[in-house]
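A.B. asks: Sequence:
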Amino acid sequence: MNTLIEKISAVNDLILQGKGLEAFDTYYHDDVVMQENDNEVCIGKEICKKQKQAFYASLTEFRCAKPLKVTIGEKTTMVEWYLDFTHKELGVKKFTQVAVQEWKDGKIIKEKFYYGS
Numbered sequence: 001m002n003t004l005i006e007k008i009s010a011v012n013d014l015i016l017q018g019k020g021l022e023a024f025d026t027y028y029h030d031d032v033v034m035q036e037n038d039n040e041v042c043i044g045k046e047i048c049k050k051q052k053q054a055f056y057a058s059l060t061e062f063r064c065a066k067p068l069k070v071t072i073g074e075k076t077t078m079v080e081w082y083l084d085f086t087h088k089e090l091g092v093k094k095f096t097q098v099a100v101q102e103w104k105d106g107k108i109i110k111e112k113f114y115y116g117s
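Read left to right, the sequence shown gives residues 1 to 117 (the UniProt record's numbering).
These are computed hints drawn from the structure, not numbers from a lab.
Careful, some of the hints might be misleading.
Ranges between beta-carbon positions, derived for each pair [what the hints assert, rightly or not]:
| no. | residue 1 | residue 2 | range |
| --- | --- | --- | --- |
| 1 | E80 | N39 | 18 to 24 angstroms |
| 2 | V33 | T60 | 27 to 33 angstroms |
| 3 | V70 | K93 | 17 to 23 angstroms |
| 4 | G116 | E6 | 26 to 32 angstroms |
| 5 | D84 | D105 | 17 to 23 angstroms |
| 6 | N2 | K93 | 34 to 40 angstroms |
| 7 | D84 | N2 | 32 to 38 angstroms |
| 8 | E61 | D25 | 32 to 38 angstroms |
| 9 | L21 | K88 | 17 to 23 angstroms |
| 10 | L83 | V41 | 18 to 24 angstroms |
All C-beta atoms, glycine included, are put in the ideal place defined by N, C-alpha and C.
Starting from the given sequences, assemble the full structure and let the hints guide the process.
C.D. replies: Pasting the structure below:
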């Protein structure tokens, strides 16, 4: 699996199978930087993983995740997702978001999520 389309497809497939943390462990760089909109940046795989674990633990119902569009550029991938879930603190959420990934050494080194409030 060498091309970005193969790698981002594998990430998306794992997410759709409910294996988001496995995708994170496999495809994210140790020095990953993650950010949601213009919120505080999360730096480092372990810290970012803890945030993901906390998010998943706060889900009370997960109804749908669907990749609507995927695009590939040089060292960059973008996925438009439709998400539908209930979260302990956020309540019922149904929205689309765009996730932009930058790749280095075959892994995601930076990911930023864009979505409405």
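A.B. asks: Determine for every hint whether it applies to the structure shown.
C.D. replies: Here's how the hints hold up against the structure:
1. E80 with N39: 18 to 24 angstroms: holds (20 angstroms)
2. V33 with T60: 27 to 33 angstroms: holds (29 angstroms)
3. V70 with K93: 17 to 23 angstroms: holds (22 angstroms)
4. G116 with E6: 26 to 32 angstroms: Given a distance of about 31 angstroms, which is inside 26 to 32 angstroms, the answer is holds.
5. D84 with D105: 17 to 23 angstroms: violated (34 angstroms)
6. N2 with K93: 34 to 40 angstroms: holds (35 angstroms)
7. D84 with N2: 32 to 38 angstroms: Check passed, 33 angstroms falls within 32 to 38 angstroms.
8. E61 with D25: 32 to 38 angstroms: violated (25 angstroms)
9. L21 with K88: 17 to 23 angstroms: holds (18 angstroms)
10. L83 with V41: 18 to 24 angstroms: Given about 22 angstroms between the Cβ atoms, the range holds.
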